[in-house]
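Chemist: Working from the sequences, and respecting the hints, build out all of it.
Number of protein chains: 2
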Amino acid sequence: MGKVLLDMNVSLDGFVAGPSGEDGGLHNWFFSPSGGEAVAESVGNTGAILIGRRTYDQGDRMDGFAHSPYAVEHFVLTHEPPERPARGGMKFTFVTEGVEEAVERAKRSAGDGNVAVGGGASVAQQCLGAGLVDEIQVHLVPVLLGGGIRLFEGVGRVGLEGVRVVDAPGVTHLLYRVLKED
Amino acid sequence: MGKVLLDMNVSLDGFVAGPSGEDGGLHNWFFSPSGGEAVAESVGNTGAILIGRRTYDQGDRMDGFAHSPYAVEHFVLTHEPPERPARGGMKFTFVTEGVEEAVERAKRSAGDGNVAVGGGASVAQQCLGAGLVDEIQVHLVPVLLGGGIRLFEGVGRVGLEGVRVVDAPGVTHLLYRVLKED
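Residue numbers (the numbering used here), protein chains in the order written: chain A, 11 to 192; chain B, 11 to 192.
FYI, nobody ran anything at the bench for these hints, they're computed from the structure.
In this text, a Cβ means the ideal position worked out from N, Cα and C, and glycines have one as well.
It is possible that part of the hints are untrue.
[Said to hold, decoys possible] Some residues of chain B that are not near chain A, with every Cβ distance over 12 Å (derived):
| no. | residue |
| --- | --- |
| 1 | Gly35 |
| 2 | Lys101 |
| 3 | Arg118 |
[Stated by the list, open to error] Some, not all, of what chain B presents toward chain A, calculated at C-beta under 7 Å:
| no. | residue |
| --- | --- |
| 4 | Asp23 |
| 5 | Ala50 |
| 6 | Ala140 |
| 7 | Gly141 |
| 8 | Val153 |
| 9 | Phe162 |
| 10 | Val165 |
| 11 | Gly166 |
| 12 | Arg167 |
| 13 | Leu170 |
| 14 | Val175 |
| 15 | Asp177 |
| 16 | Tyr186 |
Modeler: In structure tokens:
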């Protein structure tokens with residue numbers, strides 16, 4: 011069975027988006043030639059993706075899913091499914107029964123692969139708060155955005171253990187295991 | 011001439027102290043055997059230290075300066091110097107004329123060594139906000155504290171360039187150069 015991996019791009023000051031909701035260059039590494047290896051590894055390990063509604067809407071609006079290398083089923087946590095299907099031919103499943111159910115269904119779909127929780131901050135915080143996250147991968151981008159949407163907000167204390175650090179041009183990939191209290 | 015280096019221990023969620031002002035284990039690596047190499051390098055490069063008044067009071071109260079490996083002059087940014095001298099035999103200079111003057115005097119004292127801005131968050135933010143910081147070294151500790159004092163708050167957008175990443179047990183040392191707009 012795969013893991014639930016929080017997988018997010020973050021500025022050094024902890025934002026996943028800038029003051030006006032702009033991406034602040036946080037995703038540049040993903041589309042750069044030097045990002046290829048990390049992206050290929052992630053695509054290979056990922057069996058399903060879980061995102062929030064705003065991330066879905068943003069991806070749809072910007073035609074982002076048409077260019078995504080992830081062909082796996084995307085689960086979207088939402089209060090109300092959209093009226094028209096998204097562009098891009100990807101399989102989207104809308105879950106209205108809360109984060110536990112969304113993670114459960116994503117896990118079943120992922121099989122031996124990981125469920126990658128890809129944002130936004132709200133769904134990430136819900137997953138962390140509910141103790142559903144096994145690993146956190148932070149792609150730390152060398153910039154202070156100075157404001158915006160914080161990844162870690164209102165989550166409470168969570169113990170971590172460093173698993174791996176990979177430094178690359180324009181980004182440092184930091185992987186942590188979440189220490190669960192039994 | 012040395013550099014002005016912001017040099018701070020930070021949790022993965024960006025705090026330099028926990029919700030009740032506790033250190034949250036952020037300094038453990040510094041006193042662990044595996045931290046020796048990084049500490050020795052830092053001590054060797056540091057020509058002066060700049061701290062805020064609360065950090066000074068805390069260090070004095072906990073007898074922290076008596077155990078510090080840094081024998082260099084410590085500059086303390088404050089509104090009012092304390093009435094009695096600190097314990098520990100270290101040389102403290104209290105600067106009441108603001109952050110620019112404090113950095114300037116620390117630089118003169120440091121000679122070819124670096125001025126290490128060692129906290130707290132307020133003096134770090136003042137230095138960053140005034141464009142006085144050449145490099146930022148974040149000692150990233152694998153824990154989410156869930157609240158407390160944030161290192162990067164109200165600083166505005168600052169461009170950075172990754173210089174070096176060193177992973178060690180219980181901490182990742184991340185060094186960045188501040189990109190100054192000319």
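Chemist: Decide, hint by hint, whether the structure agrees.
Modeler: Hints and how they fare:
1. Taking the minimum C-beta to C-beta distance to chain A, about 9 Å, the non-interface status of glycine 35 (chain B) is violated against the 12 Å cut.
2. Every CB of chain A is more than 12 Å from the CB of lysine 101 (chain B) (nearest about 32 Å), matching its label as outside the interface.
3. With a least beta-carbon separation of about 28 Å from chain A, arginine 118 (chain B) lies farther than 12 Å from that chain, consistent with its non-interface assignment.
4. A distance limit of 7 Å between C-beta atoms decides the matter here; for aspartate 23 (chain B) the minimum to chain A is near 4 Å, and the interface restraint holds.
5. With a least beta-carbon distance of about 21 Å to chain A, the hint placing alanine 50 (chain B) at the interface is violated under the 7 Å criterion.
6. At about 14 Å, the closest approach between the beta carbon of alanine 140 (chain B) and any beta carbon in chain A exceeds 7 Å, and the interface hint on this residue is violated.
7. At about 13 Å, the closest approach between the beta carbon of glycine 141 (chain B) and any beta carbon in chain A exceeds 7 Å, and the interface hint on this residue is violated.
8. The interface hint given for valine 153 (chain B) is met, as the beta carbon of that residue sits about 6 Å from the closest beta carbon of chain A, less than 7 Å.
9. Using the Cβ-Cβ criterion of 7 Å, the hint placing phenylalanine 162 (chain B) at the interface with chain A is satisfied: the shortest such distance is roughly 4 Å.
10. For valine 165 (chain B), the interface hint holds, since its Cβ comes within 7 Å of a Cβ in chain A; the closest pair sits about 5 Å apart.
11. A distance limit of 7 Å between C-beta atoms decides the matter here; for glycine 166 (chain B) the minimum to chain A is near 4 Å, and the interface restraint holds.
12. The criterion of a C-beta within 7 Å of any C-beta in chain A is met by arginine 167 (chain B), whose closest approach is roughly 4 Å, and the hint holds.
13. Evaluation of the leucine 170 (chain B) hint against chain A yields a held restraint, the C-beta minimum of about 4 Å falling below 7 Å.
14. Evaluation of the valine 175 (chain B) hint against chain A yields a held restraint, the C-beta minimum of about 4 Å falling below 7 Å.
15. Annotation: aspartate 177 (chain B) was flagged as interfacial toward chain A, and the flag holds, the nearest CB pair being 4 Å apart, inside 7 Å.
16. The beta carbon of tyrosine 186 (chain B) is positioned within 7 Å of a beta carbon in chain A (closest approach about 5 Å), and the interface hint is therefore held.
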